[in-house]
Amino acid sequence: MKEDFSSILRARYRHYVGVKVVSLPGKCVLVSWLLFSALFLRNRIAGCESWRLPEVFFPHISLIRPQLLDPLRIVVQVFWLFFMRTPPQKSRTRGFSRRLRYAVGGAKGRLQGLANKAWLQPSFWQTRDANVARRHRQPLTIALAAVLAVLCITVPLDPLAQFVFATALFGILLVFNRLPGRFPQMLMIVLSLLISCRYIWWRCSSTLNFDDPLGLALGIVLLLAELYAWLVLLLGYFQNIWPLNRPAKSLPKDTADWPSVDIFVPSYNEDLEVVRATIYACQGLDWPKDKLEIYLLDDGRRDDFRDFARDVGVHYITRDDNRHAKAGNINNALKQSRGEYVAIFDCDHIPTRAFLQLSMGWFLGDPKLALVQTPHHFFSPDPFERNLSNFRKVPNEGGLFYGLIQNGNDLWNGTFFCGSCAIIRRGPLEEIGGVAVETVTEDAHTSLRLHRLGYNSAYIRAPLAAGLATETLSAHIGQRIRWARGMAQILRLDNPLRGPGLKLRQRLCYFNAMLHFLSGIPRLVFLLAPLAFLLLHTYIIYAPAIMIFLYVLPHMLYSSVVNAKIQGRYRHSFWGEVYETVLSWYIARPTTVALFAPHKGTFNVTAKGGLIHEKYFDWVMSRPYILLVLLNAFGFLVGLWRLYAGPSNEISAVLLNLFWVVYNLLILGGAVAVAAEAKQLRSDHRVQVRFPVALELPSGHLLHAQLVDFSLSGARVELSPDAAEQVGQQVNVIMDRAGREYSFAMTTVFKGREVVGLRLCDQSPSSMVNYVQCTFARADNWVSWKQNMSVDKPLTSMAAVMSISIQGYRRLLRAGPRPLPQLLTTINALVGMAKSLRPQPILIRVEEA
Amino acid sequence: MLTITVSGMHGGVGTTAVVANLSAALQQQGLRCLCIDANVDNMLRLALAVNPEEKVGWAKASLEGASWKEATLQHDDGRWVLPFGELDADELSRFFPTLVAGQSPLHAVVADLASLPLDCVLIDGPTSRSLPHYSLPNVDLTLYVAAPDAASYALLKQDAGHWPASNYRILINRLQPAQALASAIANLIADDFEEQMVPGVVHEDLIIAEAQAELASVIARAPDSQAAQDFQSLALWCQSEFQSRVE
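One line per chain: the protein sequences are A and B, in this order. Residue numbers for the first sequence follow this note's numbering, beginning at 1 and rising by one. Residue numbers for the second sequence follow this note's numbering, beginning at 1001 and rising by one.
Hints in this document: simulated from the structure, not taken from any laboratory. Backbone N, C-alpha and C define an ideal beta-carbon position, used for all residues, glycine too. Some hints here could point you the wrong way.
[Claimed, not checked] A few chain A positions that, by computed beta-carbon distances, are all more than 10 Å from chain B:
| hint | residue |
| --- | --- |
| 1 | Phe5 |
| 2 | Ala217 |
| 3 | Leu497 |
[What the hints assert, rightly or not] Stretch by stretch, here's where chain B covers chain A in the computed footprint (C-beta under 8 Å, at least three residues):
| hint | region |
| --- | --- |
| 4 | 313-326 |
| 5 | 688-698 |
[Stated by the list, open to error] Below, a list of computed lysine-lysine pairs in the DSBU-like style, where the Cα atoms sit at most 35 Å apart:
| hint | chain 1 | residue 1 | chain 2 | residue 2 |
| --- | --- | --- | --- | --- |
| 6 | A | Lys335 | A | Lys368 |
| 7 | A | Lys249 | A | Lys289 |
| 8 | A | Lys565 | A | Lys393 |
| 9 | B | Lys1157 | A | Lys291 |
| 10 | A | Lys793 | A | Lys751 |
| 11 | A | Lys289 | B | Lys1157 |
| 12 | A | Lys253 | B | Lys1069 |
| 13 | A | Lys600 | A | Lys335 |
| 14 | A | Lys253 | A | Lys786 |
Kindly generate the complete structure, drawing on both the sequences and the hints.
Below is the structure:
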């Protein structure tokens, strides 16, 4: 009995540790080698002991476990060792590369020296910028318009001249890229506009073939899509040319002068858990209690909401019907409240305690100010961030809008209402009849109406509230479809380019926002355009391939570099293409329908707070992309066939289109990668932070710890190993908030060497208010969110998109029907085998002879 | 040289513990510290691990006409302590008038200290009500230690307006946030005396008593504890206050 047991234990141990029993052939090989080296070889050869030679020089080959391709590996390694590996002494090539590096570094250093001049320092321009912005806003716009008008008259050049022109300007662009400040940025924008306008002019004037009807039709379609992209680029430059960076304005010292604020938290079908934290945080806002009224607007008429509102002491408003959804809900509550200002929060947007104090100041200075908007910040990852593991590494989709675009809008007084995290003055809101109900994007429409009546709006770019992002790709797309449809409806029903009350700059800002949502069809056109030539053999751009190359490449390069400079902190290059592609199919139809028949379509509420139990591939959502992938892959194969079998004068055109198809496949791969939904473990989201807390043990000892993440149900703390040992089952966590200390009873759920996971015990409502105040509503929570994010580097970003794309295709194959996962494993095995044939670097300790 | 007088709002708020551990934290941060016990009770020496049978002190030295320098003792971690001295009833009755007179012997002691290689002097003073009657030398900072109890709050409300020096600060000691009453009173004090509060509190932590029982400071005995952290933060704050006043 004992012997059986011990052999089982031994086998188990070997299995767990990973030690495999050596087979007989392996033993023979090893013994014969050892004998050979002992009898025939010197003690030390090439710096190491001779019996260790295989181990040192062939680290990827194991003598006792020979594998199939080992002879090939030995040959490759020997070849590499003898011919390619540089011995560790200096060589002439080393010196040359060093001198080259020094020369380049010197040039960079001189450029840096240039950048160190006083008039090139950011601080010099910042003070100047502030003064200039105030004085020169009007002439600035006129000057800009004049420059654009001049640039539109462009001259055609022959290929060599175009090449020289584009390259020279690119050099200047790169020089400007290094200089800090806004004026070099504006000059870069002018250069990019110059090149892009040239491109569009050339496309319109010399690339349409009027003889071939099919080519003409498809060519015009592509040209319209390019015109759309060019217009968006133009308007984008205009919109973001001078982000205002409005600071917070302080309120008067006497709180008696502070106005009364009503807080509306509309809700329809969300869980009570989601709304609870918001209400607790609202109760803890830093504002005189007699001037703050909190209203929970429940369109679902739920009993537990009513009981909760009564228990914590907030007002509860409900109505009999659900007409006009959220807009109707808010309008109903407007009639039943009286505060001078109305602050609206989505039910999952938790305000920090400083929200009102930082945003109300501007209202008091400007009686015409009707709206102050703050960013929608999310502490949970959206589908892109979760499925592509981008959370807190790459800015998310909303980062561009809330970081840059609204900020740029603010200069032109074009900030629009986004539905949440905003404060509206009651007078103007009632003047326009409450929140607009005619479209599904009621928020933008409301602010459009306010602007038409001559009121102003402001944007404060500090994240003062945070909420949950959409959980699944389908919910995310559903929300974007609603926004796109609503914007198209507004474009039809209340066109910002026409109608009274708006200044030109506000019209352009609104128009650009709506234009952005019409990107569905142009994006699809771009994804399918190369197939026109590869599959249908029609020339849609009627020009020699070399000319296309010389005009398109500068256009894309320049806009890429300029956008990286302007948007680098808010969006990394090429990610915008992925985001747009994912949405393109889905918003194409609703926006077209809404443009022609604005009153059709229903309001679908965004689902929030669902749990994904298992990871899965969202086939339903990704069907259109898979179709596009298949089309493009088919086009690629046909293109390869054309390369071999087609006429030789078409080769450049085929290559160009193949390039384009590969680019499309890359972007589509990113879109497919998003459809593979990652598993989401927790029902309540953890927010990562870092602040000090004290743990009070039942024995009366207090331990010092760092809180590293928290959620509504618990937290995780990091301690020294000695301290972690002392933590038992029960512990009180002492957190501070603005100098006040609060204690929360928690139980330990897991303990590591330096980390302890805690679950919050049941707390009274007032204690929960304090908890939310100490965690979610800390004023500085979201300020350092972007600290670990790097600024955009286009090439690095492209590499990231490429790797995501490859990952996307792998996920697609893995989740596919029968032969595909096996195909994927075969490809993986082949690639792995090829990689293992690579020569491995060796480490030798150089010892004294 | 930084000089601080620490005075409790009433007896038992933990003044001696604050002096002992604050000096340990300052010493750990690189300042050479001397603690002087200005209390007749002569309790500071027990918190600084002085042999209880040792009777030396500055008061005893003054009575016997000896130099106070011989009454200073050094702790293992480098801190110096100058106890009051063990006086019997007779000696106390002879000595007491000098304490409340215009020039108590401490003035001479502190004047002498300026020439010594010291960075910081902490005086463990009497309770806040007795403090004006003792003629203690002028210091850079007076630290009033309050416990989060009703008596401290009442005394603060009554007396804080009359305190002569503007360079005082109020420190809340022995705070247990889990206790509703203590938490409420601490918030009250913080609200009413916003500008005079020391940022940060010292929590009620059993380790302080345990460390004293083991004749060590909290910093040495339990560096991971919240109490150690509190005292280190307090020491840093004292240094920065001093720096900002010097400038």
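Cross-check of the supplied hints:
1. Separation of A:Phe5 from chain B is adequate, the least Cβ-Cβ distance of about 44 Å exceeding the 10 Å criterion.
2. For A:Ala217, the condition that its CB be more than 10 Å from all CB atoms of chain B holds, with the nearest at approximately 73 Å.
3. With a least CB separation of 54 Å from chain B, A:Leu497 remains clear of the 10 Å interface cut-off, as annotated.
4. Residue count for the region 313-326 of chain A with a Cβ under 8 Å from a Cβ of chain B: 0. That is fewer than the three needed, and the coverage hint is violated.
5. Given a C-beta distance limit of less than 8 Å, the hint that chain B covers the region 688-698 of chain A holds, as 4 residues qualify and 3 suffice.
6. Between A:Lys335 and A:Lys368, the direct Cα distance comes to roughly 22 Å. Compliance with the 35 Å bound is thereby established for this hinted pair.
7. Under the criterion of a C-alpha separation no larger than 35 Å, the hint pairing A:Lys249 with A:Lys289 is consistent with the structure, at around 21 Å.
8. With a C-alpha separation of about 18 Å, the suggested pairing of A:Lys565 with A:Lys393 holds against the 35 Å cut-off.
9. Pair hint B:Lys1157 plus A:Lys291 holds up; C-alpha atoms about 29 Å apart against a cutoff of 35 Å.
10. Annotation: proposed proximity of A:Lys793 to A:Lys751 is violated, straight-line Cα distance about 40 Å (limit 35 Å).
11. Annotation: proposed proximity of A:Lys289 to B:Lys1157 holds, straight-line Cα distance about 26 Å (limit 35 Å).
12. Distance restraint check for A:Lys253 and B:Lys1069: the Cα-Cα separation of roughly 54 Å exceeds the 35 Å cut-off, and the hinted pair is therefore not satisfied.
13. With a CA separation close to 29 Å, the supplied pair A:Lys600 and A:Lys335 stays within the 35 Å bound.
14. The suggested pairing of A:Lys253 with A:Lys786 holds, with an alpha-carbon distance near 33 Å, which does not exceed 35 Å.
Checked against the numbered hints above, the structure breaks hints 4, 10, 12 and satisfies the rest.
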